[in-house]
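Sequential numbering from -5 applies to the sequence shown in this note's numbering.
Calculated directly from the structure, the hints in this document are not laboratory data. Among these hints, one or two may not hold up.
Calculated cross-link-like contacts (lysine-lysine; reagent style DSSO-like; alpha-carbon spacing at most 30 Å) [what the hints assert, rightly or not]:
1. LYS259 - LYS241
2. LYS102 - LYS241
3. LYS41 - LYS102
4. LYS163 - LYS249
5. LYS249 - LYS92
6. LYS163 - LYS116
7. LYS259 - LYS243
8. LYS304 - LYS92
9. LYS329 - LYS359
10. LYS60 - LYS202
Computed spacing ranges between beta-carbons, pair by pair [stated by the list, open to error]:
11. ILE242 - ALA131: 34 to 44 Å
12. LEU(-4) - GLU319: 34 to 44 Å
13. SER189 - GLU165: 47 to 57 Å
14. LYS290 - ALA325: 49 to 59 Å
15. ILE242 - LYS77: 21 to 31 Å
16. ASP211 - ILE75: 23 to 33 Å
17. LYS41 - ALA131: 45 to 55 Å
18. ALA325 - HIS58: 11 to 21 Å
19. MET338 - ARG240: 12 to 22 Å
20. MET95 - GLU1: 20 to 30 Å
21. ASN307 - ALA276: 23 to 33 Å
22. GLN193 - MET338: 53 to 63 Å
23. PRO360 - SER245: 30 to 40 Å
24. SER189 - ALA325: 39 to 49 Å
For every residue, glycine included, the Cβ atom is placed at its ideal position computed from N, Cα and C.
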Amino acid sequence: MLEEILETINNGDYATADRLLTELQEQDPTNPWISFYHARLLEAEGKTEEAHHDYLTLLRTLTHPKIIAQARLGINRITQIEKNHEQEAQSQRKFAIKEAMTTTGSEKMGILVLEAISAEAKQAAAQKFAQIMAIDAYSARLQLPSRSWRLYRTGAMGMLTVYAEALNKAEIPCFCVPIVEVNQITVYPVLFIESIDPQVTVVYEPHKGQRDIFSFDWSRVSQRVEGMLPIFEEYVERGLRGKMERKIKISDYAKVCDLHLPSQKAIIRICDQSYQFHQGYAIKTEQVVAEGQNTKRDYWIYFQKFMEQKLPNVKVWSDFTPFAENALNFAELLKQIDPHINFMRREETPWDAAFALYSGLAFLKPHKAQQGYQ
-5 MLEEILETIN NGDYATADRL LTELQEQDPT NPWISFYHAR LLEAEGKTEE
45 AHHDYLTLLR TLTHPKIIAQ ARLGINRITQ IEKNHEQEAQ SQRKFAIKEA
95 MTTTGSEKMG ILVLEAISAE AKQAAAQKFA QIMAIDAYSA RLQLPSRSWR
145 LYRTGAMGML TVYAEALNKA EIPCFCVPIV EVNQITVYPV LFIESIDPQV
195 TVVYEPHKGQ RDIFSFDWSR VSQRVEGMLP IFEEYVERGL RGKMERKIKI
245 SDYAKVCDLH LPSQKAIIRI CDQSYQFHQG YAIKTEQVVA EGQNTKRDYW
295 IYFQKFMEQK LPNVKVWSDF TPFAENALNF AELLKQIDPH INFMRREETP
345 WDAAFALYSG LAFLKPHKAQ QGYQ
């Protein structure tokens, strides 16, 4: 019967082969060749991942020399098939990139962002990611984020769009955005809220030392983005040999809140370090402490509760820190982003631009999904 099973597999009569294997299993359940031919049938049907697993199981569990030799041949065949598929896919992708680069706007510099993927799906996703990006599986697994977005690559939009399409097709969520579009969003760095009726009117600082006003309706706010920016201070401490050394440490955090107004292509940016809490509309809650004794931290807590009351149903983006920790590796990219965060620092920090980028990506992502960038 074994020869008959092999013949039906080679002839492509997989239904008959499966039936014969079932009959052999009933007649001779301990026959070690049954498992091998089951794996061989899976391989012939194109179920290479399952066949590869079964061949490896045979190598670990059997000592039959002929079966082991055949299992190794099966693994070699599958490895070669996968290699050929990868080479073909890479060639097709190179051609697709070449074609994409001929379209209008394809030369614009863009950003490819990977979205968080569950731990359960990461192993399978890492294998697909490795094949698409032509990297090893271990590196691929490290690159796939579990908590938040990960800025993965910059490059021409034509190229990034091809990769984004391939990744999304492989169920690896991602999107790409032209860098220029992040800077094209109008950002209003708010000094204080002047009034909230009949519209919200804010006083903002278009340039250092200048003031202007801008009005909007609460109903126009689609999203809120929150983040904390480290404030670095220089300090001196005695080293191991008693020598005084200058070091940099985080002394505090600036809190930032963005309100997105997609219909006006605008972002309202509010930072606790530059917001003038004693000007304009008085933001208060039932937890206001004695007059004159409020700290900046108190006022920011009141401000957050005020936002929650006015915008109870809007989406809140709050995974900025893990995104920024990776984005800081893209120093040249961050230099191209205007943060619109105005408060006194000892020196500029890329954390400000990282927040502006994170908020800008959150602003643009829904629009890019509709355009087919992901």
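Going through the hints against the structure:
| no. | hint | verdict |
| --- | --- | --- |
| 1 | LYS259 - LYS241 | violated (41 Å) |
| 2 | LYS102 - LYS241 | violated (40 Å) |
| 3 | LYS41 - LYS102 | violated (41 Å) |
| 4 | LYS163 - LYS249 | violated (38 Å) |
| 5 | LYS249 - LYS92 | violated (44 Å) |
| 6 | LYS163 - LYS116 | holds (15 Å) |
| 7 | LYS259 - LYS243 | violated (37 Å) |
| 8 | LYS304 - LYS92 | violated (49 Å) |
| 9 | LYS329 - LYS359 | holds (21 Å) |
| 10 | LYS60 - LYS202 | violated (81 Å) |
| 11 | ILE242 - ALA131: 34 to 44 Å | holds (38 Å) |
| 12 | LEU(-4) - GLU319: 34 to 44 Å | violated (58 Å) |
| 13 | SER189 - GLU165: 47 to 57 Å | holds (48 Å) |
| 14 | LYS290 - ALA325: 49 to 59 Å | violated (30 Å) |
| 15 | ILE242 - LYS77: 21 to 31 Å | violated (49 Å) |
| 16 | ASP211 - ILE75: 23 to 33 Å | violated (59 Å) |
| 17 | LYS41 - ALA131: 45 to 55 Å | violated (20 Å) |
| 18 | ALA325 - HIS58: 11 to 21 Å | violated (58 Å) |
| 19 | MET338 - ARG240: 12 to 22 Å | holds (20 Å) |
| 20 | MET95 - GLU1: 20 to 30 Å | violated (50 Å) |
| 21 | ASN307 - ALA276: 23 to 33 Å | holds (25 Å) |
| 22 | GLN193 - MET338: 53 to 63 Å | violated (31 Å) |
| 23 | PRO360 - SER245: 30 to 40 Å | holds (37 Å) |
| 24 | SER189 - ALA325: 39 to 49 Å | holds (41 Å) |
Of the hints listed earlier, those the structure fails to meet are numbers 1, 2, 3, 4, 5, 7, 8, 10, 12, 14, 15, 16, 17, 18, 20 and 22, in rising order.
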